[in-house]
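Listed here are the chains, written in short residue letters.
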Amino acid sequence: GAVVSQHPSRVICKSGTSVKIECRSLDFQATTMFWYRQFPKQSLMLMATSNEGSKATYEQGVEKDKFLINHASLTLSTLTVTSAHPEDSSFYICSATVTGGERATNEKLFFGSGTQLSVL
Amino acid sequence: AQSVTQPDIHITVSEGASLELRCNYSYGATPYLFWYVQSPGQGLQLLLKYFSGDTLVQGIKGFEAEFKRSQSSFNLRKPSVHWSDAAEYFCAVDSPTDSWGKLQFGAGTQVVVTP
Numbered sequence: 008g009a010v011v012s013q014h015p016s017r018v019i020c021k022s023g024t025s026v027k028i029e030c031r032s033l034d035f036q037a038t039t040m041f042w043y044r045q046f047p048k049q050s051l052m053l054m055a056t057s058n059e060g061s062k063a064t065y066e067q068g069v070e071k072d073k074f075l076i077n078h079a080s081l082t083l084s085t086l087t088v089t090s091a092h093p094e095d096s097s098f099y100i101c102s103a104t105v106t107g108g109e110r111a112t113n114e115k116l117f118f119g120s121g122t123q124l125s126v127l
Numbered sequence: 081a082q083s084v085t086q087p088d089i090h091i092t093v094s095e096g097a098s099l100e101l102r103c104n105y106s107y108g109a110t111p112y113l114f115w116y117v118q119s120p121g122q123g124l125q126l127l128l129k130y131f132s133g134d135t136l137v138q139g140i141k142g143f144e145a146e147f148k149r150s151q152s153s154f155n156l157r158k159p160s161v162h163w164s165d166a167a168e169y170f171c172a173v174d175s176p177t178d179s180w181g182k183l184q185f186g187a188g189t190q191v192v193v194t195p
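Line by line, the protein sequences give chains B and U.
If you want this note's numbering, it's the position in the first sequence, counting the first as 1, plus 7.
If you want this note's numbering, it's the position in the second sequence, counting the first as 1, plus 80.
A few of these clues could be false.
Residues from chain B that face chain U, not an exhaustive set, calculated with beta carbons under 7 angstroms [to be verified]:
| hint | residue |
| --- | --- |
| 1 | S50 |
| 2 | L51 |
| 3 | T56 |
| 4 | T104 |
| 5 | L116 |
| 6 | F118 |
| 7 | G121 |
| 8 | S125 |
FYI, nobody ran anything at the bench for these hints, they're computed from the structure.
Quick reminder that beta carbons are idealized off the backbone N, C-alpha and C, glycines included.
Isolated chain B, as found in the complex (with noise of 0.2 angstroms):
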């Protein structure tokens, strides 16, 4: 089964609302959680990497207040869209891996099947 379950898979909503994405480690703690953007037929850009009990960073030219990333537990990563518009209508994926350690023998880094988000 996956190791990193990413919901839900696809969400229609309506302008203004605002819409939670839950990215979760099945089966190890994620100390590091990452959130990437596609649009259609573009490559995937990170938006923000997320650490248990800090806050996110964000990368250059991303929203903090449109885009609230939470990672309240060493499983769970939450992405909000506040306020969604049209133009947040994307592919939002996130990854999970485990911090320290060699990285040569670390292999733990795993995609979620990401979400599809439609603003109407």
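Let chain B serve as the given structure and place chain U on it in line with the hints.
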């Protein structure tokens, strides 16, 4: 600036023919390198990765990639493609000086397989 480049936006290949997807990177130190595949509306599936050691890496679905330090490249190959290989392919790098798992993706290469 650090970058990862996939020069080919779109490749069309006949079923049974060989496939090579190019990936070049520009980093101060040799990054960790990945190839992912994505079907429409789906998440990412890891094909293979390179951290160190043998520069020819074997992956799933019959794919392999070769790391060439002198060319700053990590090209993906498959000897004989199947119709099911039609998808978007992304090369990604992880900087050894940044957070582990913080990937920078190339623009992607769309692979179309013809009968």
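Going down the list of hints, with the structure as the test:
1. Hint on B:S50 holds. Least Cβ distance to chain U is approximately 5 angstroms, under the 7 angstroms limit.
2. Interface restraint check: B:L51 against chain U, minimum CB-CB distance 5 angstroms, threshold 7 angstroms, status holds.
3. Interface restraint check: B:T56 against chain U, minimum CB-CB distance 6 angstroms, threshold 7 angstroms, status holds.
4. The beta carbon of B:T104 is positioned within 7 angstroms of a beta carbon in chain U (closest approach about 4 angstroms), and the interface hint is therefore held.
5. Interface restraint check: B:L116 against chain U, minimum CB-CB distance 5 angstroms, threshold 7 angstroms, status holds.
6. At about 5 angstroms, the closest approach between the beta carbon of B:F118 and any beta carbon in chain U falls short of 7 angstroms, and the interface hint on this residue holds.
7. The beta carbon of B:G121 comes within 4 angstroms of a beta carbon in chain U, closer than 7 angstroms, and the hint placing it at the interface holds.
8. With a least beta-carbon distance of about 12 angstroms to chain U, the hint placing B:S125 at the interface is violated under the 7 angstroms criterion.
Violated hint for the displayed structure: number 8, the only one.
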